[in-house]
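Asks: Listed here are the chains, written in short residue letters.
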Amino acid sequence: MRKALEFQGVHKSFGQNSALVDAFFSAHWGEVHALLGENGAGKSTLMNIASGLYAPDKGLVKISDKPVIIDGPQAANDFGVGMIHQHFKLVENMTVLENIVLAHGQGGWRKSLQRVRKQISDISNEIGFDIDPDAQVNTLSVSEQQRTEIIKVLIGGAKILILDEPTAVLTDEESTGLLDQLQIFAEQGKCIILITHKLREVFSHANRVTVMRGGKTIDSGQSPKNLTPEKLSKLMVGEPTEISRISYSPPKETVLELNGIFSKRDNGHTALDNFNLKLNAGQVYGLAGVGGNGQTELAEILMGVRSMNSGEFILSGTPLTNPSPSRVRALGLTCVPAERYIYGLAGDLSVMDNCVITHLKSGQFGTFFWTNRRAINKETKQAIIDSEIHGAEPSTRARLLSGGNAQKLVLARELAGSATVLLAHSPTRGLDVRACTAVHEALRKSASNGTAVLLLSEDLDEIFAISDQIGVINNGRLVGEFNSPADRSKIGHLMVSHH
Amino acid sequence: MEFLTNWLAFMPVFAAPLVLAALGLIINERAGILNLGAEGIMLCGALIGIISYIELGESSALGFIFGSLAGVILGFVFGFLVVVLRTNQVVTGITFVILGSGLTGLMGIPWVNKAVSGITPIYIPHLTDIPIIGRFLFGQDILVYVTIIFVVFVWLFLYRTRTGLELRAVGENPQAADANGINVEAYRLLAATIGGAFIGLSGAYLALAMAKIFVLDMTQGRGWIAIALVIFARWMPWRAIIGGALFGGIEALIPRLKATGVPIPQYYLEMAPYLATLAVLIYAALRLRSGQDAPKALGIPYVREDRK
Amino acid sequence: MISISLNFIRRRRLTIEVRQRISLGLHVSILLGALFFGIGVCIAILLGRGVELSSIYEEFIVFTFFDSAGISSVIVESIPLVLVGLAAAVAFRVNFWNIGIEGQMFMGAIGASVVALFDIGPEILRLPIMFIFAAIFGIFWASGPAILKVRLNVNEVISTLLLNYIAYYFVLNQLFGPWKDPRDKFPHGEQYDIAERLPAIGWEQVHYGVAVAAFSFIVVWWIIERSRFGISSRFVGVNPKMALAVGLPVSTIVAGSAMASGSIAGAAGFVIAAATEYRLTFTMAAGYGFSGIVIAFLAGNRPITTVIVAFLMGSLFVAGESMKVFYSLPDALVGLIQAIIVLSVTASEFFVRYRLRLASFGDT
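Residue numbers (the working numbering), protein chains in the order written: chain R, 67 to 565; chain C, 42 to 349; chain Z, 669 to 1032.
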């Protein structure tokens, strides 16, 4: 087997953060090569270099053993590299056909349309996809959009297919279908690179696996047959994470109740479908689920930035109908949002401002007319020490903090005072192991202080590590509820099976 | 009767510059560039149009060509600033208005307030003489008809060519366009430049066909009205004609009403186009929910390796 | 040889990177470089118009800064500029692009003139009442676009600008009609009585507009830098999504800032009417709107720097004024100079925000 895509000594940094440090990688023709690693391990960055989106700071890229310069997506296409990004690169209000013409049109408009229309139907027939070329992309389901992307790269003549976490958005059945299809592509001689953090996929469908951690290649090119899940997860995570089982404790009073919540997405699809939830003081409730099953909408409803179509929302005994964010906060709900720099922090403002913005009303930092800057400064310094926020002074711009420290800052702010409910949405996404542990400890500690913590996470390890009670969200519904310790495989099954 | 004939006859002359500028702005905004400097670019187009008309043997054609060339240059500079140097589009746009006013104020002195004969309307025997609609349909200057052809061309370009498709993709989702191998910067720069040509032409038209004179700051907010018109037109070229006709109709009404001696205070009449524009903006926001039609990446600079 | 060197070029691609951190020294030198570049271009334009270098130096430096009459006229010129600069800064901080400062100034002047015309209130309180009316009229004129923006998301750049024209034509209508000066029948308002004019403070021509500017500055500084509203509005300006999510009253803050901006612009109209023109005129606001934008932009929307930049801008106005007379330069010159300086500074920010980097392919 000849080498298809190879990286040698690749470095890449964004500002001061090194994303890749001397990374290497090599995949062969005719194989499904899994690229495994945690969030932030550098997998996507490495492959974005192959797709021409990022330029490496240093390092060698080879295709079929020849050094190449991939200085743009067009060049990548010319070299036969096709990448399906995690966030699809489709123009939403254009049709499937237009999107593919956009990528691979040649010659005149009519000719392009005709040719691409034929290519779509040819390829669809060949691989058994059913896609309406005239459908507008924003009317398609996620898996249909993914198929559009796959057809797009195939029409572009891609021989090296890179898929970035393709199954994260799919149901179980769809995932298996996709992975089987990828295996067929490999058997036809193509090189398939599967970026994933799911061990299961590696063992079921990959011929070989490369593991990355912290921007470095940890293990390159072993066959999964020679590995055990334990060994592989150890390679992936480094030190084995101590999974402390939480024992069941009897519930205290209910502080948050959701009954029969319905909510639609912006595109009109149903996001939450008769969703029910009961949250008790002093517990960590882990809501497990594959991303895109309604968690974002749930979080936004709780934060008060999205209105629900129907249902009951009772917070601290107060029934609410589409409350404003300030109302929700006044009733004691605080939030660690998934998008740290969108909902959590203002990156261009100081740590000090960010640290106290939600507490100004409490009066501890002066009156409306005169804020007490000394008190704010003191409070911030204390928070920096208590929460071990490294690299921060009160006047530092929040954007300059590393991911973990930024998250600690958000946590410090949201946990200051007495939160009744803390909503934590993917709180450790993109953080390193140590920062993860710190975040988990903080969440546990706040629960023991009586806060009800609602943890929305795609990461089952995280859910199991700190939850008293575990619920599963699938397709906008609560499909199962367990008390810790719960059966992991059962939960995993509920997460991905069709409902 | 005569009132209606005259009003209809003059409406296209007032509508054409607005439609031309709106076309240029549609091309800009479809690629994601918000050019608030239209007013300034129009002024430069007007001055250069007049200068070339006067200095190059009274040829309207040359006036229009050089007027749009001025627009090309300014459009390119604007594009370079906002696309390559990623300056704030609002600040840069507003500054371009003053830049246009300042440049024409500084350079234009020798040509200010010199009446020219400019472009004359066509006359087709019989057709032009049809009552009421004759002059409206068959008695306009050539550029009015060219404007309509331009509208068709721009529509064809945006919706019936690959380049147009790619340009729209750049304005909707530059990340996707980039990943598909489309050079986002190049397209935006191109859009700014071509858009500038239309805006410059619109200015030259103001000077050579509508006013037949160059006066300092003669655009009188028409660049801004064109920007509002684009919102009203929901970024569709052919709808710009409707909007143009609406505003052109109002502007054409002012001198007509003054001539008839209807006792409406003059300055309230002059105010009408701006009030109408404001009304249209509110209507667009209420009824058309214009936010949905706007290109998604309008006004947002694109940096590939941008990581927050 | 050629192919090798071409190959070398192809192997290195210029990429743009967001700068995480910039040293103060570099930041300042980029800014100074841009300023010098802009000033250089302006000087070149002046030289091109036959102005001599030595007289540029004399007008801009010697006569404006090293001479009591010069400094005082700069201060007088700066008073309305400080106000419009503050007006723009207050709105821009929350991303409300108030281009309607001139219209709001007209409204302020109308408010003051109404008080003067109808002799509202006792004479001792006449000036404060005029000031309050001016501020309220300015707020009124800004409130429309503010409400349209927060309720219907109507682009405030266009709406505020359109209101400039509407205010202008309204002033014309009044001045050519009911408010025409009864004495000389000229299209300007009736002259204010002595009690309706801002008195001189006793040093050269400096008048009590200085107090109005100082008062406005202190209030703005206090609101922006010290009040809870100020901290909250910082978040609204930088990250509106987050501001909303953490429960800040975003619409109120945006609309409130816009109206505050209108009130300061109205005060600027009052100062010009009551201290310079002594009446309502239709040329009084010309150019101030853009000057306000320029000042706020160059000052980074901070109150203290706004005052400094406004003072420098005032010296440009004073020098420009006398240059215009000596060399018969057009009015447009000052606007052009401002535009060139803004463009060079805004372009230079690229080098502050981003870093160009040579990315290399194929090196091991």
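It is possible that part of the hints are untrue.
In silico contact screen, one side only, chain R against chain Z (beta carbon under 7 Å); selected entries [claimed, not checked]: (1) Tyr409; (2) Ala412; (3) Leu415; (4) Thr424; (5) Leu426; (6) Gly429; (7) Gln430; (8) Phe435; (9) Trp436; (10) Thr437; (11) Ile451; (12) Glu454.
Restricting the straight-line Cα-Cα distance to at most 30 Å, the calculated cross-link-like pairs of lysine-lysine (DSS-like) are [what the hints assert, rightly or not]: (13) R:Lys291 with R:Lys264; (14) R:Lys128 with R:Lys225; (15) R:Lys69 with R:Lys291; (16) Z:Lys848 with C:Lys299; (17) R:Lys330 with Z:Lys909; (18) Z:Lys992 with C:Lys299; (19) R:Lys427 with R:Lys282; (20) R:Lys300 with R:Lys318; (21) R:Lys282 with R:Lys132; (22) R:Lys318 with R:Lys225; (23) C:Lys155 with Z:Lys992; (24) R:Lys344 with R:Lys330; (25) C:Lys253 with C:Lys155; (26) R:Lys447 with Z:Lys848; (27) R:Lys282 with R:Lys297; (28) R:Lys318 with R:Lys264; (29) Z:Lys992 with C:Lys253; (30) R:Lys318 with R:Lys69; (31) R:Lys344 with R:Lys556; (32) R:Lys511 with Z:Lys992; (33) C:Lys337 with R:Lys330; (34) Z:Lys909 with R:Lys444; (35) R:Lys427 with Z:Lys853; (36) R:Lys344 with Z:Lys848; (37) C:Lys155 with R:Lys177; (38) C:Lys337 with Z:Lys909; (39) R:Lys282 with R:Lys300; (40) R:Lys124 with R:Lys300.
Keep in mind the hints are simulated off the structure, nothing from the lab.
Glycine residues also receive a C-beta, built at the ideal position from the N, C-alpha and C atoms.
Asks: Does each hint fit the structure? Answer for all of them.
Replies: Results of checking the hints against the structure:
1. Tyr409: With Cβ-Cβ at 4 Å, under 7 Å, it holds.
2. Ala412: holds, 4 Å
3. Leu415: holds, 6 Å
4. Thr424: holds, 5 Å
5. Leu426: Interface hint status for R:Leu426: holds (5 Å vs cutoff 7 Å).
6. Gly429: The hint is violated - R:Gly429 has no Cβ within 7 Å of chain Z, the shortest such distance being about 10 Å.
7. Gln430: Violated. Min distance 12 Å.
8. Phe435: holds, 6 Å
9. Trp436: holds, 6 Å
10. Thr437: holds, 6 Å
11. Ile451: violated, 22 Å
12. Glu454: Nearest chain Z Cβ about 21 Å off; hint violated.
13. R:Lys291 with R:Lys264: Within the cut-off at roughly 16 Å; holds.
14. R:Lys128 with R:Lys225: OK: R:Lys128 and R:Lys225 at ~14 Å, within 30 Å.
15. R:Lys69 with R:Lys291: holds, 20 Å
16. Z:Lys848 with C:Lys299: Holds, because 21 Å separates the two Cα atoms, which is no more than 30 Å.
17. R:Lys330 with Z:Lys909: OK: R:Lys330 and Z:Lys909 at ~20 Å, within 30 Å.
18. Z:Lys992 with C:Lys299: Measuring from Cα to Cα gives roughly 37 Å; hence the hint is violated.
19. R:Lys427 with R:Lys282: Violated - the C-alpha atoms of R:Lys282 and R:Lys427 are around 46 Å apart, more than 30 Å.
20. R:Lys300 with R:Lys318: violated, 37 Å
21. R:Lys282 with R:Lys132: holds, 23 Å
22. R:Lys318 with R:Lys225: Violated: R:Lys318 and R:Lys225 sit about 58 Å apart, past 30 Å.
23. C:Lys155 with Z:Lys992: holds, 23 Å
24. R:Lys344 with R:Lys330: This hinted pair holds, its Cα atoms lying about 21 Å apart.
25. C:Lys253 with C:Lys155: holds, 9 Å
26. R:Lys447 with Z:Lys848: Not OK: R:Lys447 and Z:Lys848 at ~64 Å, beyond 30 Å, violated.
27. R:Lys282 with R:Lys297: holds, 18 Å
28. R:Lys318 with R:Lys264: violated, 36 Å
29. Z:Lys992 with C:Lys253: Roughly 29 Å separates the two Cα atoms, so the pair holds.
30. R:Lys318 with R:Lys69: Roughly 60 Å between the alpha carbons, so the hint for R:Lys318 and R:Lys69 is violated.
31. R:Lys344 with R:Lys556: holds, 21 Å
32. R:Lys511 with Z:Lys992: violated, 72 Å
33. C:Lys337 with R:Lys330: Since the Cα atoms of C:Lys337 and R:Lys330 sit roughly 21 Å apart, the hinted pair holds (cutoff 30 Å).
34. Z:Lys909 with R:Lys444: The given pair, whose Cα atoms are some 27 Å apart, holds under the 30 Å limit.
35. R:Lys427 with Z:Lys853: violated, 58 Å
36. R:Lys344 with Z:Lys848: violated, 73 Å
37. C:Lys155 with R:Lys177: Violated, because 52 Å separates the two Cα atoms, which is more than 30 Å.
38. C:Lys337 with Z:Lys909: holds, 17 Å
39. R:Lys282 with R:Lys300: With a Cα-Cα distance of about 15 Å, the restraint between R:Lys282 and R:Lys300 holds, given a limit of 30 Å.
40. R:Lys124 with R:Lys300: holds, 29 Å
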